[in-house]
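S.K.: Each chain, written out:
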Amino acid sequence: MKLNLKVWRQKNNKVKGAFKAYSVEASEDMSFLEMMDVLNEKLIADKEEPVAFEHDCREGICGSCNMVINGKPHGPQKGTTTCQLHMRHFKDGDDIVIEPFRAAAFPVIKDLVVDRSSFDSIIQAGGYISVNTGQAPDGNAIPIEKDLAGQAFDAATCIGCGACVAACPNGSAMLFTSAKISHLGLLPQGEVEHTKRVKNMVETMDKEGFGMCSNMGACEVECPKEISIENIARMNRSYIASVFGAAE
Amino acid sequence: MSLTGIFLITFLPVHLLGNLQLMASDGGELFNTYAYFMTNNPLIKFISYGLYFFIILHTVQGLMLAAKNRKAKGSKYMVNTYSNKSWSSNNMALLGILIFAFLCIHMGDFWFKMKFTNQLKTVSTYAGYEGIAIKDLYHRVSVAYDQLWIVIVYLVGLVALAFHLVHGFASAFQTLGLNHKKYTPIIKTLGLAYSILIPIGFAIIPIYMYFT
Ligand code: HEM
Ligand code: SF4
Ligand code: FES
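These protein sequence lines are chains A and B, in that order.
Using the working numbering, the first residue of the first sequence is number 1, and each one after it goes up by one.
Using the working numbering, the first residue of the second sequence is number 1, and each one after it goes up by one.
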């Protein structure tokens, strides 16, 4: 299949970027990243600079294969990362526009690669959970309600990709932050520091220059792990409680 | 945002109920005595100062929020297909500015003239209020609503309010952290009903008064 790409090219954070048109011959069995590899091999053969894009696991768990494909972070397929998106979802002759994630807190490093260290600061602000060192504890020693375990697990599937920020017209990181807060705070192991954690993570999120959630709901539509905005409500609840000095 | 928004949401039905008295066919007696009560009762006075304060607070916070979020987004996508489902949620600040502009016209026309000028005629013959000069706000309102352009300005303001609330009503609950598998769909339905019915209720008054 032949594809007409328009790819964002930007040397670094200091210069302006622009779109460049390329055409690629790909097969429908390829993943989107493999199609990008084909493009890059062609560029290298032509002695041109290959397109910089991030990737690591290529199996939908690391959250690094970030790009906006035809206006959708991680492309048109719901609940799927770019690396798991296959070319069979496109047609021969399709036009595809590929852009980096855009948000003030995610500056472009090069082409499609953005700097997401603002996410690392949020994670660091979360601090620790109180787990005793020593032997691995017995699996059933701490009873946890099935519902809670399920909610915590759903939140824990967040791979920290940042598609929620890219999808949000406000550039807000509240889906990501709330997923991390839920997955730690819903379980007894992380409950102890919950209030302090919420406060610190939310404050760091604001400091890093992310926008504020206005409940549009674009993030949960684009999230490759289908994290729900119920988590944002939970975070808001905990944040309000932390402001009013709930016990730590 | 959410707390001031919810306060304004509770204010609207009360304001509507009061205003529906404009449609009583008694030459304005019911409405004018109600307006007299509302401008002179100390508790109502206190609440109305709170209301002015909250409208301004809500507006200022809303515009600051919109500015901050615009900055946080930074550059724009070439292909812009944000997956949020509603037009309203994307245009809250614009709708708010429209509502605020409407409020300025509205307050300038009735509230300001009633409180700070002597432009209004007075009536002092209402049963139970003999000898007290009550300002004939009813007359002022009916003169205003005889002009087509004012009726149209009101309808535009109310449409903006309806769209603002289509997103705002349910949004306020989510902001306060109230999201529940069972209750959130109910809140959304209630919010939709509220945002359609209340503006329609307000709209009936100028339309009715224009045609009678
Ligand atoms: C009677 C009039 C009004 C009512 C009942 C109302 C109600 C609401 C409600 C319930 C919210 C949602 C709050 C939240 O999600 O936390 C909201 C948000 C907002 N309102 Fe209003 N509002 C009114 C007037 C205004 C005015 C005059 C402005 C002026 C600019 C304004 C601007 C905004 C903005 C920018 C938001 C933020 C929207 C967002 O969350 O994305 N509103 N309003
Ligand atoms: S919430 Fe979803 S979109 Fe946001 S970082 Fe986590 S996995 Fe990515
Ligand atoms: S490369 Fe790891 S999630 Fe796509």
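Bear in mind the hints are in silico, worked out from the structure with no lab data behind them.
Model, not experiment: these values are computed from the prediction.
A hint or two may mislead.
To be verified - The calculated DMTMM-like cross-link candidates involving lysine to aspartate or glutamate, where the alpha carbons are at most 20 Å apart (straight line), are:
id	chain 1	residue 1	chain 2	residue 2
1	B	LYS181	A	ASP147
2	A	LYS6	A	ASP56
3	B	LYS71	A	GLU208
4	B	LYS71	A	ASP115
5	A	LYS110	A	GLU220
6	B	LYS182	A	ASP154
7	B	LYS182	A	ASP94
8	B	LYS121	B	ASP109
9	A	LYS6	A	GLU34
10	B	LYS182	A	ASP147
11	B	LYS68	A	ASP147
12	A	LYS20	A	ASP94
13	B	LYS71	A	GLU41
14	B	LYS68	A	GLU208
15	B	LYS181	A	ASP154
16	A	LYS2	A	ASP46
17	B	LYS121	B	GLU29
S.K.: Please go over all the hints and tell whether each is borne out by the structure.
M.R.: Evaluation of the provided hints:
Taken as a hint, the B:LYS181 and A:ASP147 pair is honoured in the structure, with Cα atoms around 13 Å apart against an allowance of 20 Å. For a cut-off of 20 Å, the pair hint linking A:LYS6 to A:ASP56 is broken: about 23 Å separates their Cα positions. Note on B:LYS71 and A:GLU208: the hinted pairing holds, with a Cα-Cα distance of about 12 Å set against a maximum of 20 Å. Among the hinted pairs, B:LYS71 with A:ASP115 is consistent with the structure: their alpha-carbon atoms are about 17 Å apart, no more than 20 Å.
With a CA separation close to 27 Å, the supplied pair A:LYS110 and A:GLU220 exceeds the 20 Å bound. Proximity of B:LYS182 to A:ASP154 is assessed by CA-CA distance (about 19 Å); at most 20 Å being required, the pair is judged to hold. Proposed proximity of B:LYS182 and A:ASP94 is contradicted: the alpha carbons are some 42 Å apart, above 20 Å. The hinted pair formed by B:LYS121 and B:ASP109 meets the criterion: a straight-line CA distance of about 15 Å does not exceed 20 Å.
A C-alpha spacing of about 17 Å is found between A:LYS6 and A:GLU34, which places the hinted pair at or below 20 Å, so the restraint holds. Proximity of B:LYS182 to A:ASP147 is assessed by CA-CA distance (about 15 Å); at most 20 Å being required, the pair is judged to hold. At most 20 Å may separate the alpha-carbon atoms for a hinted pair to count; B:LYS68 and A:ASP147 exceed this at roughly 37 Å. Between A:LYS20 and A:ASP94, the direct Cα distance comes to roughly 16 Å. Compliance with the 20 Å bound is thereby established for this hinted pair.
Proximity of B:LYS71 to A:GLU41 is assessed by CA-CA distance (about 37 Å); at most 20 Å being required, the pair is judged violated. Taken as a hint, the B:LYS68 and A:GLU208 pair is honoured in the structure, with Cα atoms around 12 Å apart against an allowance of 20 Å. The straight-line distance between the Cα atoms of B:LYS181 and A:ASP154 is roughly 15 Å, inside the 20 Å bound, and the hint therefore holds. With a CA separation close to 18 Å, the supplied pair A:LYS2 and A:ASP46 stays within the 20 Å bound.
For the suggested pair B:LYS121 and B:GLU29, the alpha carbons sit about 13 Å apart, so the restraint of at most 20 Å is met.
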